[in-house]
Amino acid sequence: MVEFLSFREGDATQEPAVTVEAFTGQTNATAVRVEPGEDARELLPYLDRLSLVEVNFPAYGDGRGYSAARILRESGYQGELRAVGDVLVDQINAMRRCGFDSFHPNKALDDAAVDRALNRYADVYQKAIDGRSPVWAKRHPEKIDG
Amino acid sequence: MYRYDSYDQSIVDARVDEFRDQVQRRLTGALTEDQFKPLRLMNGLYLQLHAYMLRVAIPYGTLSGKQMRKLGEIAAKYDKGYGHFTTRQNLQYNWIKLADAPDILAELATVEMHAIQTSGNCIRNISSDQYAGVSADEVADPRPWAELLRQWSSFHPEFTYLPRKFKIAVIASDDDRAAMRLHDIGLKLVSKDGVIGAEVYAGGGMGRTPMVAPQIRDFVAEEEIISYLEACLRVYNRYGRRDNKYKARIKILVHEIGVEEYKRQVEEEFAHMKQLGLNPPVEELARIRAFFANPAYETGLNEAIDRADPAFALWVDRQVAPHKQPGYAIVNISLKPLTGIPGDASAEQIELAASLAEQYSLDELRVTHAQNLVLPHVKKADLYAIWQQLEEVGLAEANLDLITDIIACPGLDYCALANARSIPLAQKIAQRFAAAERQAELGELKLKISGCINACGHHHAGHIGILGVDRKGVENFQLSLGGSGAEDTSLGQITGPGFSEDGVVDAIEKVTDLYLAQRESGERFLDTYRRLGMKPFKEAIYG
Amino acid sequence: MKILTGNDLVSGDVIWWAGDGWSRQVGDSADVGDKGDDLARAEEAALRVVGAYVIDATVTDEGVRPAHIKDRIRALGPTVRPDLNLKPNDADAGNWVI
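In order, the protein sequences belong to chains L, D and Z.
109 is the number that my numbering gives to position 109 of the first sequence; each next residue is one higher, with no gaps.
Every position in the second sequence, counted from 1, becomes a number in my numbering once 1000 is added.
Every position in the third sequence, counted from 1, becomes a number in my numbering once 2000 is added.
These are calculated hints, taken from the structure and not from any lab test.
Built from N, CA and C at the ideal position, the CB exists for glycine as well.
The hints are all genuine.
Derived pair list, reagent style DSBU-like, types lysine-lysine, alpha-carbon separation capped at 35 Å:
#1 Lys-1535/D x Lys-1247/D
#2 Lys-2035/Z x Lys-1245/D
#3 Lys-143/L x Lys-1192/D
#4 Lys-1472/D x Lys-2087/Z
#5 Lys-1066/D x Lys-1097/D
#6 Lys-2087/Z x Lys-1080/D
#7 Lys-2087/Z x Lys-2002/Z
#8 Lys-1165/D x Lys-143/L
#9 Lys-138/L x Lys-1274/D
#10 Lys-1324/D x Lys-1380/D
#11 Lys-1428/D x Lys-2087/Z
Stretch by stretch, here's where chain L covers chain D in the computed footprint (C-beta under 8 Å, at least three residues):
#12 1008-1017
#13 1278-1287
Input sequences plus hints: build the corresponding full structure.
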């Protein structure tokens, strides 16, 4: 079983994350925690100094954090993007696709189940954040740059 | 018809494998029911009143004979010999064993079918016009767009845990046969300066707060439709209400912030998203479109239909629609026999429909949102043979769009959410109005019954709508008038206090009698109601 | 009386707690008194039932009768398919649910 899962090079950021309100009100914090109702776009002016964004999933059925993650990545955020809270093995794959690269679930995950979940789908239909080539790009390689 | 390539097949096969693993974890206790429920729902597996129910997706209502045959085989092998076609062009099996569900999905995958996202708070099966590709009045075939959206929405990583379910319909005719504006998003293909694109409507729906979707854009080009829809969904995912599941549909968001504000936010998001390379190249839609090219129609066919048999002539007049190709016709197969269950078909009937499709309809079938079937490419010369075979299995009812062509949800006979039984009421109404002359005299009259406020039976969109409620443990029925799910979309108004089952049948007789007495030349029931308003109908009912 | 019902985890069949196990027949239902919720949790944990819940019922000449129409339909089967319900030879069985 694994309590913390990271797909990044090197160690995970250890700095405790502050709230979005505390973060935008001060200049020295480098880790922030986004709650479901909060607007990830408020962080966009500060992406350079952020090393960790935690996105909280109080209940796995609340999917706002997926949009928060993509918004940050689409705007060029390169730091650690961590899903915390009610994160289950059945959601890990979608979270990876939305740009999460570390996970700190409430309940430890089974390593083998995580591996299966991440490798089950050899193909995907959408372009997302994970760099995987969608099937439409594979079908028309001559039309896709790079 | 669309055919899977190795990519599509591998994705569906992987889903079978994943669900087999999830079911196994449930059966061994590794998953509790609370954990398993959202996973099984995402694959269309419900726990209903009597058993597990599996909802199989029929993308945009189009099927091959082989696919239809497989549905019949599954009904015979794993269920109790029948299935139920739904108002979202899907098929439901009512008696599924949990342990069998993965095997059923594996069988479906062999014919390029699945149950992906037929439930759950995600983008559901994309629905469309049952006459797509064969009606003369469409600007383009909407099904390539629907298939493009099917692929885009399947396992979408960002939109799998939306505030609530999300239904999309695509049409391409001025005649709306898919209740497009009663969907979370409706697309209507239009031609602008010779270029095909989509008008977009958002925030429609039925349920406890019915709303007709307003237009949010008059044109989105095909090369941008995916990024535009991503923008629509992202705004909804971020700001749709999550505090109250009865207020979580997009219609509530659009209503609460206003359509102009929703549009503004979508446009802002769209401006950002179209930079991200989310849109497939136009060659992808062209690839899909090639699958929907006209089949090899024969030319020089005889247009004449031998109407010597009066029962056949009656059926032709009612069930057969014009086809764009000379010599061909569209056949509607009624799943509303007068003493039957709306939308139900036995394994034998499903098998016959599959055979008819293969033999007479260029291997193609459609399912309609009114719970009927369509053979889309039939030579006029073959109509009599088809009718004879339909007669043999009880599918030759001639009642399309008439008062006995009732849409009804499964209701309390099957559904755990229902408050009242829809099917026995549908049967009583059908029996009261059984006489063919009487039905013909009443003309087009769309009667729709829901067994609870969730409105799966589209009662808000019925010329006559009926909603079953629970009044202190007794079934009670509210009557509404004036709804429409067609291009003149409107929502029905409740007549007044509710009725018993027999009482509501009597009330329907009173309003239809009033219509016959008051109608002006050429008016349908709905037209007369719109001209006269509720008052005289109310007086006729409650006196 | 209070009785306990749910669905068989594997088959999905409607089942009724009969005192020492589960039955397909509502008539076998045992009065669970105030023990229903504990029983439901234990039986769910043992993977014998899913969605178990306690309902009110009365004993009539025809046997145990759930208080609510929804549970009577669960007990009998769909009223529109008498061939599939628990009394396939009784044409009037559907009236029992009303």
